[in-house]
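Colleague: Below, each chain spelled out in residue letters.
2 protein chains.
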Amino acid sequence: MTYCVGLMLDEGLVFLSDTRTNAGLDNISRYRKMFSWEVPGERAIVMLTAGNLAITQAVVSLLREAIENPDTAENDSILTAPTMFRVAELVGEAMQSVQHKYHDTLEQRKESSGASIILGGQRAGGAQRLFLIYAAGNFIEATEDTPYLQIGEHKYGKPILDRVITQETPIEEGVKAALLSMDSTLRSNLSVGMPLDLAVLPEGKCRFSEQRRIEAEDAGFKALSEAWSKALRDAFTDMPDEHYPPHD
Amino acid sequence: MTYCVGLMLDEGLVFLSDTRTNAGLDNISRYRKMFSWEVPGERAIVMLTAGNLAITQAVVSLLREAIENPDTAENDSILTAPTMFRVAELVGEAMQSVQHKYHDTLEQRKESSGASIILGGQRAGGAQRLFLIYAAGNFIEATEDTPYLQIGEHKYGKPILDRVITQETPIEEGVKAALLSMDSTLRSNLSVGMPLDLAVLPEGKCRFSEQRRIEAEDAGFKALSEAWSKALRDAFTDMPDEHYPPHD
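Protein sequences appear in the order of chains A and B. If you're matching positions, the first sequence starts at 223 in the working numbering and goes up one per residue. If you're matching positions, the second sequence starts at 223 in the working numbering and goes up one per residue.
Any given hint could be a false lead.
Okay, the calculated beta carbon distance ranges per label pair [claimed, not checked]:
1) 431(A) - 455(B): 30 to 36 Å
2) 368(A) - 360(B): 57 to 63 Å
3) 249(B) - 276(A): 36 to 42 Å
4) 305(B) - 245(A): 49 to 55 Å
5) 252(B) - 462(A): 45 to 51 Å
6) 367(B) - 358(A): 20 to 26 Å
7) 367(B) - 324(A): 38 to 44 Å
8) 413(A) - 362(B): 40 to 46 Å
9) 326(A) - 362(B): 36 to 42 Å
10) 246(B) - 390(A): 32 to 38 Å
11) 276(A) - 455(B): 47 to 53 Å
12) 413(A) - 413(B): 20 to 26 Å
13) 360(A) - 291(B): 29 to 35 Å
14) 456(B) - 289(A): 42 to 48 Å
To give a feel for the contact side, a few chain B residues facing chain A, derived at Cβ under 8 Å [to be verified]:
15) 323
16) 326
17) 454
Calculated from the structure, these hints are not laboratory results. No residue lacks a Cβ here, since even glycine has one placed at the ideal position from N, Cα and C.
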């Protein structure tokens, strides 16, 4: 399983992913699910992937081949496409092409070809955009009403985001909320696991301010997780008794 | 969809369920999912149901028919069975009988016969017990390691339970935690809806101390929900900055 989340805040984009994959409970490995490209000052792009690993790796490979192939038209490479919308189309087209190739044989074997990708980024002169690309290659976009997108095991980590994230949330608070959302998911689902990959892309810069791997023994993440547990337990204990539903 | 939760605490059992059912998004109704029986001082039993409504209603009807039928052997009615374990077996047998009748025709129509039941209660002289009965009629029991059971849309409301519920949690705190767990679920999944049904069964009493419906406009529940939202946001805001993962 997987949990990935992308936030689109006024101050910038925040991306967080776990690294655990499993083919059955007895076959667990670690794979990077965050892929990024940066032409500092010109464009910065992040992809987070969930679902069938062979499918999402093939999508990333197709996009990389197009970047590396000198014959690729400007409009057909995510590093030269004129808009983030076109980048999203290219990711969707790569997804369709991979699905076209493997969907039927996977279906025959009753295996899932399900896959989804969060794509976010900005190019100089354009707005920052955040998309969710489905297995059919179609996609939706984050808006001010829904300034975050999740893929994979999204439910455990949604309540905290729903309560604290708005478009106006400062970017450091966004990072904190994404980490706490991941923390809730890690606690409840064993198939989501450390280490984590974090990327932060401030609005208008087209340059990552942070791209790092957070290891299982990371003291900062542990402290954040413990402080949050304590804060929640304290808030729960301090909840005034008169807030119980009164008796009839 | 549905969300139901049962807690087994040293001080007693707590049960909470929503009342929303849907057959597609455009066919939403309200059905009671909590069923209770009380012979004050001798035994008290609660069932919470999730899944195919026709299946769970049929299970409840079979159990009621057995209670009402004067020819039912003592061992075959949930109101006269000698142990809560036997009560769980009776619920499991009713489930098997209903599944046997409808499973194949539901499968033909590609409809789900999935259903699950939380069963809890106590009889005089016995311990309080809490079970989760599956569609196959088999069941598991809550233990000190896992003092709560959930059915239906369980993920959104699990983090709060994981953080605050232990067997030693006082019963009023248990009620508060169950309500907050439901509150998180209501916020995140439209197919779980008010009103709620709450039942509290103190240990050793075999008599409910509380059985009530909490309506959408219930001032106490609203206040609890708002106080919790505020406490969470405050805890989040107050989280010290040094708890961020430090930069490399």
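Colleague: Just tell me: holds or violated, for the beta carbon distance of residue 431(A) and residue 455(B) against 30 to 36 Å?
Modeller: violated, 25 Å
Colleague: Is the gap between the beta carbons of residue 249(B) and residue 276(A) within 36 to 42 Å?
Modeller: holds, 39 Å
Colleague: Hold the hint about residue 323(B) up to the distance rule: shortest CB distance to chain A must be less than 8 Å.
Modeller: It is violated, given that the least Cβ distance between residue 323(B) and chain A is near 28 Å, above 8 Å.
Colleague: Just tell me: holds or violated, for the beta carbon distance of residue 305(B) and residue 245(A) against 49 to 55 Å?
Modeller: violated, 43 Å
Colleague: Holds or violated: the 20 to 26 Å window for the beta-carbon distance between residue 413(A) and residue 413(B)?
Modeller: holds, 24 Å
Colleague: Could you say whether the range 36 to 42 Å given as a hint is met by the Cβ separation of residue 326(A) and residue 362(B)?
Modeller: holds, 39 Å
Colleague: Can you tell me whether the CB distance of residue 252(B) to residue 462(A) sits inside 45 to 51 Å?
Modeller: violated, 31 Å
Colleague: Could you check if residue 326(B) really has its C-beta closer than 8 Å to a C-beta on chain A?
Modeller: Check failed: Cβ of residue 326(B) comes no nearer than 21 Å to chain A, outside 8 Å.
Colleague: Kindly confirm whether 47 to 53 Å is satisfied by the beta carbon distance between residue 276(A) and residue 455(B).
Modeller: violated, 42 Å
Colleague: Taking the beta carbons of residue 360(A) and residue 291(B), is their distance inside 29 to 35 Å?
Modeller: Given about 56 Å between the Cβ atoms, the range is violated.
Colleague: Less than 8 Å between beta-carbons is the criterion; does residue 454(B) satisfy it with respect to chain A?
Modeller: Residue 454(B) check passes; min Cβ-Cβ to chain A is 5 Å, inside 8 Å.
Colleague: Given a hinted range of 40 to 46 Å, is it respected by the beta-carbon distance of residue 413(A) and residue 362(B)?
Modeller: Cβ of residue 413(A) to Cβ of residue 362(B): about 20 Å, so the range 40 to 46 Å is violated.
Checked against the numbered hints above, the structure breaks hints 1, 2, 4, 5, 6, 8, 11, 13, 15 and 16 and satisfies the rest.
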